[in-house]
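Given chain A, work out where chain B should sit, using these hints.
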Amino acid sequence: MNTTHSPAAPQPAHAPRLAGDLAIWIFILAELLAFGVFFAAYAFTRASNVALFDAEQLALSRNAGALNTVLLLTAGYFVVRAVQAAEHAADRIAGHWLAAAIACGTGFLAVKMFEYAHAFQADISLSSSPFHMFYLSLTFFHFMHVILGLVILIALWKNVRAGRYRLGDMNGLETGAAYWHMVDLVWLVLFPLVYVIH
Amino acid sequence: MQKQTTPDHGPQTHGTPRRATFQWIALILATLATWLVGQTGATGTAIVGLLAVISIWKGSVIILDFMALRHGPLLWRALILGWMALVWAVIGIAYWKALA
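Listed in order, the protein sequences are those of chains A and B.
Just so we're aligned: the first sequence equals residues 1053 to 1250 in my numbering.
Just so we're aligned: the second sequence equals residues 58 to 157 in my numbering.
Don't read these hints as lab results, they were simulated from the structure.
All residues carry an ideal CB built from backbone N, CA and C; glycine is no exception.
Keep in mind that a hint or two might mislead.
Stated by the list, open to error - With the Cβ distance kept under 8 Å, some of the chain A side facing chain B (calculated, not the full set):
{"no.": "1", "residue": "F1079"}
{"no.": "2", "residue": "L1081"}
{"no.": "3", "residue": "G1088"}
{"no.": "4", "residue": "A1095"}
{"no.": "5", "residue": "A1111"}
{"no.": "6", "residue": "R1114"}
{"no.": "7", "residue": "A1230"}
{"no.": "8", "residue": "Y1247"}
Said to hold, decoys possible - Okay, the calculated bits of chain A under chain B, using three or more residues with CB under 8 Å as the criterion:
{"no.": "9", "segment": "1115-1128"}
{"no.": "10", "segment": "1134-1143"}
{"no.": "11", "segment": "1188-1195"}
Okay, chain A solo, but in the shape it has when bound (with noise of 0.2 Å):
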């Protein structure tokens, strides 16, 4: 039998992996349908409210809302360069990366105080306005999970410039990473939401 013109043997892939812990991803799953419920009852409350949501939606700074988007978009960015920086062994290079990520983090909150205390200013409060309860409550709850995904990113950056990670054992900076992407997953949804559409 000849056996000269058998076909090349399929090159093994790789199975499907997931980037981080199972936990993470159950909570971000738990935490995107939090936020979509959010979101949800933001549009229904709308749409028996149109002329008023419009109003007051227009006296915010989209200007704010779309810098805040930059600076989320480029820390999810610096984190994904950190990571595979990590995969290289590059651990001083991913510290840069996550330190820069960090950084715009720390941005995103700095511009979300100025407007913050802008609507403290004009007397805006949760109990104003339909519109500025969602506003308020929404971006509130989303600060808050920027924070934390701060406190994550910095733990992330005291363990890869310990030389933690290496490609095959990434566990811990896939899994903070991807709890980061995640917050910033919700506002690319936010963003358009409260501050654009009406």
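Positioned in the frame of chain A, the structure of chain B alone reads:
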């Protein structure tokens, strides 16, 4: 230095720096497009649809590439992408209700 690998961790799990950089630039440009629409004050079904498509596209980049679900289990890819689609479907129904 000896390269460490494990059978279940491919080197391309998190893509390449070049790809990530292009995606980041595209995400920023898409954000500018959303901001620009907001600045013009444009509204209507087509505008809401456009902003939803931009948001879903941006979200899919985060989900598939930044979260590395492109090479992840189908169930998790479907769950997170499905969340994005469901959220915008519900928002779309609410906006349609507001127009009615």
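Hints violated by the structure (numbers, ascending): Checked against the structure, the hints that fail are numbers 1, 5, 11, while the rest are satisfied.
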